Amino acid sequence: SAVISQKPSRDICQRGTSLTIQCQVDSQVTMMFWYRQQPGQSLTLIATANQGSEATYESGFVIDKFPISRPNLTFSTLTVSNMSPEDSSIYLCSVGVTSPGGEQYFGPGTRLTVT
Amino acid sequence: LAKTTQPISMDSYEGQEVNITCSHNNIATNDYITWYQQFPSQGPRFIIQGYKTKVTNEVASLFIPADRKSSTLSLPRVSLSDTAVYYCLVGDPWAGGSYIPTFGRGTSLIVHP
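One line per chain: the protein sequences are A and B, in this order.
If you count the first sequence from 1, position 105 lands on 549 in my numbering, and the numbers rise without skipping.
If you count the second sequence from 1, position 33 lands on 40 in my numbering, and the numbers rise without skipping.
FYI, nobody ran anything at the bench for these hints, they're computed from the structure.
Possibly wrong hints are sitting among the right ones.
Said to hold, decoys possible - Chain B regions said to be covered by chain A (calculated; three or more residues, Cβ under 8 Å):
no., segment
1, 40–54
2, 101–113
As the list claims (entries may be wrong) - Some, not all, of what chain A presents toward chain B, calculated at C-beta under 8 Å:
no., residue
3, V447
4, V473
5, F477
6, N494
7, T542
8, E547
9, Q548
10, P552
Said to hold, decoys possible - Ranges of calculated distance between the beta carbons of each label pair, as one might list FRET restraints:
no., chain 1, residue 1, chain 2, residue 2, range
11, A, Q482, B, P14, 14 to 22 Å
12, B, N64, A, K509, 33 to 41 Å
13, B, R112, A, D455, 33 to 41 Å
14, B, T90, A, D470, 25 to 33 Å
15, A, T523, B, P120, 43 to 51 Å
16, A, S462, B, G104, 34 to 42 Å
17, A, C457, B, D74, 45 to 53 Å
18, B, Q49, A, I456, 18 to 26 Å
19, B, E24, A, I507, 23 to 31 Å
20, A, I456, B, Y58, 25 to 33 Å
21, B, G22, A, S462, 47 to 55 Å
22, B, D99, A, Q482, 25 to 33 Å
23, A, G496, B, D18, 41 to 49 Å
In this text the structure is predicted, and so the values were computed from the model without any measurement.
Glycine residues also receive a C-beta, built at the ideal position from the N, C-alpha and C atoms.
Go ahead and model the full structure; you've got the sequences and the hints to work with.
Have a look at this one:
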């Protein structure tokens, strides 16, 4: 298993500014994922951030808007840049483990409100 | 990439067995089926995973027919605390960088007293 913490847990930001979300894992993991979840909606995968390679972004998400760092096997950051009200959402960090099973563990999320 | 289809919502009563079915017609040979539970204001939590036939753990059972084009999550004797959204995912977690865990719309289960 893996225990994940995220900082901040919530924030209210002005449009045009940037926010960096931190994700800390209590064990070393290779696979890490960043999701966005609107209230009442499913999770949308933003990018895969596997250690040792560049982040891979899903359709509709670009590195200039959501730069990701993955400096080691226990930590990652997601930055939401030049924010607009449409970026208001919950951002979730997740890790994938392959032993013994191939399940994912999720952080508690960061609730972002852009005004 | 295998897509999944689940009922949007289900209602049940305490003590009943609940079965949630997920369709995944395009499942690949190496894909596994994984179910997650999500409560409001929390990240999803792993429930159960399987490849074929039947898997059971302390909280649920997973039934997968021979053609693997669908799966059924079975929750025995649900309680109010089982009210949550349940997601079915299909993919190969051991595929390394090519693994793209995509969540479908999920099934909102409401358990009534």
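Against the structure, the hints come out as follows:
no., hint, result
1, 40–54, "holds (count 8)"
2, 101–113, "holds (count 11)"
3, V447, "violated (11 Å)"
4, V473, "violated (12 Å)"
5, F477, "holds (6 Å)"
6, N494, "holds (6 Å)"
7, T542, "holds (5 Å)"
8, E547, "holds (4 Å)"
9, Q548, "holds (6 Å)"
10, P552, "holds (6 Å)"
11, Q482/A with P14/B: 14 to 22 Å, "holds (21 Å)"
12, N64/B with K509/A: 33 to 41 Å, "holds (40 Å)"
13, R112/B with D455/A: 33 to 41 Å, "violated (28 Å)"
14, T90/B with D470/A: 25 to 33 Å, "holds (29 Å)"
15, T523/A with P120/B: 43 to 51 Å, "holds (45 Å)"
16, S462/A with G104/B: 34 to 42 Å, "violated (27 Å)"
17, C457/A with D74/B: 45 to 53 Å, "holds (49 Å)"
18, Q49/B with I456/A: 18 to 26 Å, "holds (21 Å)"
19, E24/B with I507/A: 23 to 31 Å, "violated (47 Å)"
20, I456/A with Y58/B: 25 to 33 Å, "violated (45 Å)"
21, G22/B with S462/A: 47 to 55 Å, "holds (50 Å)"
22, D99/B with Q482/A: 25 to 33 Å, "holds (28 Å)"
23, G496/A with D18/B: 41 to 49 Å, "holds (46 Å)"
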